[in-house]
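Since the structure of chain Z is provided, determine the placement of chains V and F with the ligands on it from the hints.
Spelled out from the first residue to the last, the chains are:
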Amino acid sequence: MESASIAVGSAHAHEHHGPPEAHSSSKIDRQTLGILLFIVSEAMLFGAFFASYFFLREVSNPTDVWPPDGFELPKAIAGVNTAILISSSFTIHWALEGARKGNREAMKMGLAMTWLLGATFLFIQINEYVHLGFSARDGAFGSIFYGLTGLHGAHVFVGLLLLSFANIRAWRGHFGTKAEDHLGVEVPGIYWHFVDVMWIIVYVTVYIL
Amino acid sequence: MRRAVNRMPLPMKDMSLSTFLKGAAIAGLMTLVISLVMVNIDWLGPVYSSEKEDIVTLLNVMIVLSSLVFSIVMVMMVYAIWKYRAKPGDESDGEPIHGNTRLEIIWTAIPTVIVIFAGVYSTIVLNDIEAKADNGKIMEVDVTAQQFAWRFDYPEQGVTSTELHVPVGTQLDLHLNALDVIHSFWVPEWGIKRDLVPGADLPGGDDIDDTVTVTPTEEGVFSVVCTELCGWGHATMRAAAVVESQDDFDAWAADQTKIPDEEDVSSGVPGGKGAGVFDDRDLTDD
Amino acid sequence: MVAALKNPGMPRAGLGFLIGGLFGFGLVVALRAVSGLEIFQTEATGYPHVIVPGITAPIGFLIGLGCFDYWFRWASGAPTIPDDHSQHGAYSWKDYFKFNTDHKVIGIQYVVTTFCFFMIGGLLAMLMRAELAQPGTQIVDPGVFNSLFSTHAAIMIFLFIVPVFAGLANYVLPLMIGAPDMAFPRLNALSFWMLPMAGVLFMASFLAPGGAFDAGWTGYAPLSTGAPLGQSFFNLGVQFAGASSVATALNFLVTIVTMRAPGMNFWRMPLLVWANLSTSLLVVGATPFIAGAQFMVLMDRAIGTNFFQAAAGGDVISYQHIFWFYSHPAVYIMMLPGFGIVSEVISTHARKTIFGYRLMAIALLGIVILAFAVWAHHMFVSGMFAWLRVPMMITTLLIAVPTGIKIFSWLGTLFDSKLHIESTSMLFALGFLVTFVIGGISGVMLGMIPLDIHVSDTYFVVAHIHFVLFGGSVFTIFCGFYHWFPKMTGRMYDERLGRIHFWMTLVGMLGTFIPMHWIGMEGMPRRVADYAAQFGNWNLVITIFSFILGVAQLIFVYNMVVSWRFGPKAGDNPWRAKTIEWLVSSPPPVFNFDEIPRVVGGPYEFGVPGARHAIMHDGDGATVSGPEPAVAGAASGGGGGEGGGS
Ligand code: HEA
Ligand code: HEA
Ligand code: CUA
Ligand SMILES: [Cu+2]
Numbered sequence: 000m001e002s003a004s005i006a007v008g009s010a011h012a013h014e015h016h017g018p019p020e021a022h023s024s025s026k027i028d029r030q031t032l033g034i035l036l037f038i039v040s041e042a043m044l045f046g047a048f049f050a051s052y053f054f055l056r057e058v059s060n061p062t063d064v065w066p067p068d069g070f071e072l073p074k075a076i077a078g079v080n081t082a083i084l085i086s087s088s089f090t091i092h093w094a095l096e097g098a099r100k101g102n103r104e105a106m107k108m109g110l111a112m113t114w115l116l117g118a119t120f121l122f123i124q125i126n127e128y129v130h131l132g133f134s135a136r137d138g139a140f141g142s143i144f145y146g147l148t149g150l151h152g153a154h155v156f157v158g159l160l161l162l163s164f165a166n167i168r169a170w171r172g173h174f175g176t177k178a179e180d181h182l183g184v185e186v187p188g189i190y191w192h193f194v195d196v197m198w199i200i201v202y203v204t205v206y207i208l
Numbered sequence: 000m001r002r003a004v005n006r007m008p009l010p011m012k013d014m015s016l017s018t019f020l021k022g023a024a025i026a027g028l029m030t031l032v033i034s035l036v037m038v039n040i041d042w043l044g045p046v047y048s049s050e051k052e053d054i055v056t057l058l059n060v061m062i063v064l065s066s067l068v069f070s071i072v073m074v075m076m077v078y079a080i081w082k083y084r085a086k087p088g089d090e091s092d093g094e095p096i097h098g099n100t101r102l103e104i105i106w107t108a109i110p111t112v113i114v115i116f117a118g119v120y121s122t123i124v125l126n127d128i129e130a131k132a133d134n135g136k137i138m139e140v141d142v143t144a145q146q147f148a149w150r151f152d153y154p155e156q157g158v159t160s161t162e163l164h165v166p167v168g169t170q171l172d173l174h175l176n177a178l179d180v181i182h183s184f185w186v187p188e189w190g191i192k193r194d195l196v197p198g199a200d201l202p203g204g205d206d207i208d209d210t211v212t213v214t215p216t217e218e219g220v221f222s223v224v225c226t227e228l229c230g231w232g233h234a235t236m237r238a239a240a241v242v243e244s245q246d247d248f249d250a251w252a253a254d255q256t257k258i259p260d261e262e263d264v265s266s267g268v269p270g271g272k273g274a275g276v277f278d279d280r281d282l283t284d285d
Numbered sequence: 000m001v002a003a004l005k006n007p008g009m010p011r012a013g014l015g016f017l018i019g020g021l022f023g024f025g026l027v028v029a030l031r032a033v034s035g036l037e038i039f040q041t042e043a044t045g046y047p048h049v050i051v052p053g054i055t056a057p058i059g060f061l062i063g064l065g066c067f068d069y070w071f072r073w074a075s076g077a078p079t080i081p082d083d084h085s086q087h088g089a090y091s092w093k094d095y096f097k098f099n100t101d102h103k104v105i106g107i108q109y110v111v112t113t114f115c116f117f118m119i120g121g122l123l124a125m126l127m128r129a130e131l132a133q134p135g136t137q138i139v140d141p142g143v144f145n146s147l148f149s150t151h152a153a154i155m156i157f158l159f160i161v162p163v164f165a166g167l168a169n170y171v172l173p174l175m176i177g178a179p180d181m182a183f184p185r186l187n188a189l190s191f192w193m194l195p196m197a198g199v200l201f202m203a204s205f206l207a208p209g210g211a212f213d214a215g216w217t218g219y220a221p222l223s224t225g226a227p228l229g230q231s232f233f234n235l236g237v238q239f240a241g242a243s244s245v246a247t248a249l250n251f252l253v254t255i256v257t258m259r260a261p262g263m264n265f266w267r268m269p270l271l272v273w274a275n276l277s278t279s280l281l282v283v284g285a286t287p288f289i290a291g292a293q294f295m296v297l298m299d300r301a302i303g304t305n306f307f308q309a310a311a312g313g314d315v316i317s318y319q320h321i322f323w324f325y326s327h328p329a330v331y332i333m334m335l336p337g338f339g340i341v342s343e344v345i346s347t348h349a350r351k352t353i354f355g356y357r358l359m360a361i362a363l364l365g366i367v368i369l370a371f372a373v374w375a376h377h378m379f380v381s382g383m384f385a386w387l388r389v390p391m392m393i394t395t396l397l398i399a400v401p402t403g404i405k406i407f408s409w410l411g412t413l414f415d416s417k418l419h420i421e422s423t424s425m426l427f428a429l430g431f432l433v434t435f436v437i438g439g440i441s442g443v444m445l446g447m448i449p450l451d452i453h454v455s456d457t458y459f460v461v462a463h464i465h466f467v468l469f470g471g472s473v474f475t476i477f478c479g480f481y482h483w484f485p486k487m488t489g490r491m492y493d494e495r496l497g498r499i500h501f502w503m504t505l506v507g508m509l510g511t512f513i514p515m516h517w518i519g520m521e522g523m524p525r526r527v528a529d530y531a532a533q534f535g536n537w538n539l540v541i542t543i544f545s546f547i548l549g550v551a552q553l554i555f556v557y558n559m560v561v562s563w564r565f566g567p568k569a570g571d572n573p574w575r576a577k578t579i580e581w582l583v584s585s586p587p588p589v590f591n592f593d594e595i596p597r598v599v600g601g602p603y604e605f606g607v608p609g610a611r612h613a614i615m616h617d618g619d620g621a622t623v624s625g626p627e628p629a630v631a632g633a634a635s636g637g638g639g640g641e642g643g644g645s
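Chains as they are written, first to last, in numbering that gives the first Met the number 0: chain Z, 0 to 208; chain V, 0 to 285; chain F, 0 to 645.
Next up, chain Z with everything else stripped away, as it sits in the complex:
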């Protein structure tokens, strides 16, 4: 999120008071690399919970039944919800294309729709929690179910926060067509794709398998 200040700061007004411009020794942009590495560490955080999932389901599960008797998951509704989240990956891509091509309307609409789709997802998820009929205290299944989906929900929330910032700036007229001028759309976008992909993995393991 440096770009704005770098763009303004390098106006050469401060030539002898500011730091020299760093040499860029790689083609990849700093913020993009930063978010990619951050995603690696996020994936490992999910990895910890998936490890726990594996132990609870395969190692210390006395029966072969999973989810254990008495737990029912609304696969269909969650499936619809999955579709909603996946479609938001397309809208954010649309927004980014808009930013690249200078189509501000597409960018704004794409960002807004992504935000709305994400919020819908989160809303349905919370609604599902309310109606599930079991809580995180109910057995190992309850714990890991809420653990994994809750962790993911928290990531959707953070993604929404980032998207809100992108929306605000987009509607206030920021972002341009040059690559370094729309990092504010691209970087949250990369994160949002990660959140989507992660959800597919969570959905498939927790609901389907």
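Hints listed in this document are in silico derivations from the structure and should not be mistaken for laboratory results. Treat the hints with care, as some may be off.
What the hints assert, rightly or not - Below, simulated SDA-like cross-link-like pairs (lysine to any residue); rule was C-alpha separation at most 25 angstroms, straight line:
hint: 1; chain 1: Z; residue 1: K74; chain 2: Z; residue 2: W93
hint: 2; chain 1: V; residue 1: K86; chain 2: F; residue 2: L432
hint: 3; chain 1: F; residue 1: K5; chain 2: Z; residue 2: F89
hint: 4; chain 1: F; residue 1: K568; chain 2: F; residue 2: L445
hint: 5; chain 1: V; residue 1: K82; chain 2: F; residue 2: K5
hint: 6; chain 1: Z; residue 1: K177; chain 2: F; residue 2: R72
hint: 7; chain 1: Z; residue 1: K177; chain 2: F; residue 2: F71
hint: 8; chain 1: Z; residue 1: K26; chain 2: Z; residue 2: I38
hint: 9; chain 1: F; residue 1: K5; chain 2: F; residue 2: L186
hint: 10; chain 1: Z; residue 1: K26; chain 2: F; residue 2: P261
hint: 11; chain 1: V; residue 1: K136; chain 2: V; residue 2: D254
hint: 12; chain 1: V; residue 1: K86; chain 2: F; residue 2: D493
hint: 13; chain 1: V; residue 1: K86; chain 2: F; residue 2: R498
hint: 14; chain 1: Z; residue 1: K26; chain 2: F; residue 2: A385
hint: 15; chain 1: V; residue 1: K86; chain 2: F; residue 2: I499
hint: 16; chain 1: V; residue 1: K131; chain 2: F; residue 2: P390
hint: 17; chain 1: V; residue 1: K21; chain 2: F; residue 2: V433
hint: 18; chain 1: V; residue 1: K86; chain 2: F; residue 2: L186
hint: 19; chain 1: V; residue 1: K82; chain 2: F; residue 2: V433
hint: 20; chain 1: Z; residue 1: K107; chain 2: Z; residue 2: F164
hint: 21; chain 1: Z; residue 1: K107; chain 2: F; residue 2: R72
hint: 22; chain 1: Z; residue 1: K74; chain 2: Z; residue 2: F89
hint: 23; chain 1: V; residue 1: K131; chain 2: F; residue 2: A385
Said to hold, decoys possible - Short derived list, chain F residues pointing at chain Z, Cβ under 8 angstroms:
hint: 24; residue: A178
hint: 25; residue: A182
hint: 26; residue: T257
hint: 27; residue: A290
From the three backbone atoms N, C-alpha and C, an ideal C-beta is built for every residue, glycine too.
Quick look at chains V and F with the ligands alone, frame taken from chain Z:
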């Protein structure tokens, strides 16, 4: 870089073969001395189980190998410090030697060989100490740990006790379980240790490796020591392990028909019975 | 007054802490009221009224301090004012208590803060040793003793060793690769300020009912899930320390990849840079696992989930797998940067290039890869899957190979050198070779399952821990402190006091930790406040030596504090080293360079006539050899060996 970097098998400019051999001899001697001293020290304490005998042999082999590694490092370092120390005021630089492939291969290969040997040997020893007894004499004991006490159940004899009594020379199969947090079973003289994990006896506990075998070879009274941190009483969570002749054991088992009453339980709490297994010292009077 | 509370800074941070805490408390009260629960806590509810403020108060502090000001402006779409560089450089001691984005200031903040934690952790160790001097309980009761070693280890590991390396690298790494700063300066500052917060949480646990956390630094479930409130502070503190180290690691990685000076290709990077690259890869890959483990423990404690509750279908041993999947790589997180420091110091003081530079770098990467495949060697006796033991033993033993490559390459560097052992940093580097090899060998023994079955959870392990962590990490940290002290402060420390510090530390360390091998094998378990009388004598010896070790550290503190203030001027390059940080003034200018240097050769070209690592100004770039013009910031260079003497 113009100078001949590689004279002998070694890159060192002024190291002749004889210096190298001298160094090697010193390292060898040092290994020998360290090994002799170390192997003769009774590191592991009394060895009162057949499993621990194997462990001690493994340890001694490792001590020799470790002394070798340590001596090589020390000799190289001390030689270099003695030989290449700059004179006061000498501001010049060392030789621009960037490396030597042959040497680098050597010191990758030798440790690889050593550790693979250590790995294979350890695996063999591990299989030995976990093998079933030849004479087929096996006694089952269920060991249960709880903050901060031990209980031993003998399913065959139908006996329950707070002391572990075992006949000498018989292989024990200890089935371990804990009621609250993780504890660990260890008798230093036997050299065998394994955690007692809560849930081992539950249907979901199948994957917990809860059986450990040991064959005591010497009669006497030892301590069962809890070695996994289990709370404030961890330090004093002990029970007596009594190794006795088969006859004595049978007599003891016949005597233990009833479950001991509350006061008799080894609690591990200072002042409780069983705490006194700390050698000659009574823990209550600190 | 009002202005002080409006502008970023300590007063506003204090206010933020309060508001954050109240907000968290209010949130819990409100949520409980809405969902119809009893509003105030009862024992069984796991203290949400403390845990939630335990998260929000530190965040309030960070907001108050100004960590997020820029990002808030950015997020709300306000124009981000051009950087006026008021957050660069430190002009008085007060600037160290501000949100400062200068990597050199942050480096010093890190080093000083973490060293304070070392003193606290050491003091706790002294208390422990006093208790253990004799069998029986004299000073503290067993419960307090458990808190002592738990906090000792947690502070040493999470608040000293891991972050102090980040601090040293923060200072020198951007200079070394010719970057004006880190890639994300604001994130860098935020990473630092999370540490004091982790410290506050760890310390606050001493005030909790039931005492400070006492389940060991490993916090095994279900002991930790059933422990009193103090344990929650451990769970939370680790989150802040972990977030801090992940953020720093990202920063290092991006800096190293994208901000190297022209000509600085990967094979021209100093080994310290390689070491921090490797460490950062470990941090990014492994640290989230401890975050996960502590989250799960916290949830088991606070909201009654069943991750580790066997009776409700949870899996007790899974905690250890997840924990060690971080904490084994963590031991290399605590060692690899030290390897980097030692490489710099040995090369400089032997006046010779590192022997087998490329293999050294490759060995680091080899350790990174192996480090992820050995975690279960801490669980040989835990009752985990029996089949996993032998594969884990093999990978564990194999780690000796890349480590051995490093040891022998350092030794190879000493041959045909011009060895200067007058400086304390070189003494610590050589001392490190001795102590770390002993610690590594005891590690190899622990890695062999049959031996581990006997000595696991005994003082043998405690001996191993301290030989690798004290003889390894701490020695290299001192090595780095002494080496870069002149660069950081512009002044020279007292070598005589330094040498006394080294020898006392070495003797104290060997005397303290060697006998532990023996009493461990003989049968003394670890984590006990009381032990059988037969170990009494050795424990007394250990305690006496540990006090010598403690006093030695006071000498160090005295030396550093006094030299910082009154030491003689050091000159830009007292060690006549080649890497870029020595080619700028001491302390370096606020923005590191007027112009990004150009790298023209390897980092350690000692003895090659005319060879240089970097050219500081384009003006003199034409001639690659020959003496350098006496521009400020480029005091020495050239193979001839002129320049400031020590
Ligand atoms: C800086 C930290 C650090 C480092 C670098 C290491 C390095 C190693 N450690 Fe250690 N370890 C710890 C910190 C560290 N450890 C801590 C804190 C614990 C306890 C945790 C707790 O329970 O609280 C622990 C515990 C621990 C255990 C578990 C013991 C138990 O609880 O039962 C084991 C078992 O395998 C182990 C093994 C090793 C090995 C094989 C290495 C290897 O990397 C060592 C490699 C180095 C060398 C071998 C020396 C140099 C090499 C040569 C000179 C080449 C030739 C050598 C040979 C051929 C042998 N360690
Ligand atoms: C980097 C890590 C690190 C460091 C530097 C140290 C340093 C020291 N440690 Fe620590 N230790 C651990 C990491 C570390 N330790 C870990 C991970 C454990 C395992 C914990 C567990 O089981 O969960 C452990 C456990 C541990 C135990 C075992 C506890 C037990 O199992 O019952 C002991 C016992 O002697 C001990 C002692 C010491 C001593 C004497 C020092 C000394 O080196 C300290 C020297 C420093 C100072 C003394 C500070 C400076 C001086 C002053 C502040 C002035 C005061 C001086 C005097 C009063 C003389 N440590
Ligand atoms: Cu039971 Cu320690
Ligand atoms: Cu390890």
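So, going through the hints one by one against the coordinates:
Restraint check: the Cα-Cα separation between K74 of chain Z and W93 of chain Z comes to about 29 angstroms, which exceeds 25 angstroms; the hinted pair is violated. About 23 angstroms separates the Cα atoms of K86 of chain V and L432 of chain F, which keeps this hinted pair within 25 angstroms; it holds. Among the hinted pairs, K5 of chain F with F89 of chain Z is inconsistent with the structure: their alpha-carbon atoms are about 43 angstroms apart, more than 25 angstroms. Restraint check for K568 of chain F and L445 of chain F: not satisfied, since their Cα atoms lie roughly 48 angstroms apart, outside the 25 angstroms limit.
For a cut-off of 25 angstroms, the pair hint linking K82 of chain V to K5 of chain F is broken: about 65 angstroms separates their Cα positions. For a cut-off of 25 angstroms, the pair hint linking K177 of chain Z to R72 of chain F stands: about 22 angstroms separates their Cα positions. Of the supplied pair hints, the one linking K177 of chain Z and F71 of chain F holds, its CA atoms being roughly 24 angstroms apart against a limit of 25 angstroms. Proximity of K26 of chain Z to I38 of chain Z is assessed by CA-CA distance (about 19 angstroms); at most 25 angstroms being required, the pair is judged to hold.
Distance check on the hinted pair: K5 of chain F and L186 of chain F sit about 22 angstroms apart at the alpha-carbon level, within 25 angstroms; holds. Taking the CA atoms of K26 of chain Z and P261 of chain F, the gap is about 13 angstroms. The hint holds against a cut of 25 angstroms. For the proposed pair K136 of chain V and D254 of chain V, the alpha carbon gap of about 22 angstroms is at most 25 angstroms, so the pair holds. Proposed proximity of K86 of chain V and D493 of chain F is supported: the alpha carbons are some 21 angstroms apart, at most 25 angstroms.
Taking the CA atoms of K86 of chain V and R498 of chain F, the gap is near 19 angstroms; set against the 25 angstroms cutoff, the hint holds. Note on K26 of chain Z and A385 of chain F: the hinted pairing is violated, with a Cα-Cα distance of about 48 angstroms set against a maximum of 25 angstroms. Between K86 of chain V and I499 of chain F, the direct Cα distance comes to roughly 22 angstroms. Compliance with the 25 angstroms bound is thereby established for this hinted pair. Between K131 of chain V and P390 of chain F the alpha-carbon distance is near 23 angstroms, which keeps this suggested pair within the 25 angstroms criterion.
Straight-line distance between C-alpha atoms of K21 of chain V and V433 of chain F comes to about 21 angstroms, which keeps the hinted pair within the 25 angstroms bound. Using a Cα cut-off of 25 angstroms, the hinted pair K86 of chain V and L186 of chain F is violated, with the two alpha carbons roughly 48 angstroms apart. Among the hinted pairs, K82 of chain V with V433 of chain F is consistent with the structure: their alpha-carbon atoms are about 18 angstroms apart, no more than 25 angstroms. In summary, the hint linking K107 of chain Z to F164 of chain Z is supported, as the alpha carbons are separated by about 12 angstroms, within the 25 angstroms threshold.
With a CA separation close to 20 angstroms, the supplied pair K107 of chain Z and R72 of chain F stays within the 25 angstroms bound. Restraint check for K74 of chain Z and F89 of chain Z: satisfied, since their Cα atoms lie roughly 23 angstroms apart, inside the 25 angstroms limit. Taking the CA atoms of K131 of chain V and A385 of chain F, the gap is about 16 angstroms. The hint holds against a cut of 25 angstroms. Checking A178 of chain F against chain Z: minimum C-beta separation of about 5 angstroms stays under 8 angstroms; hint holds.
Because the beta carbon of A182 of chain F sits about 5 angstroms from the nearest beta carbon in chain Z, less than 8 angstroms, this interface hint is met. Annotation: interface hint on T257 of chain F holds; nearest CB of chain Z at approximately 5 angstroms, less than 8 angstroms. Checking A290 of chain F against chain Z by beta carbon gives a least distance of about 6 angstroms; that is within 8 angstroms, so the hint holds.
The structure shown violates the earlier hints numbered 1, 3, 4, 5, 14 and 18.
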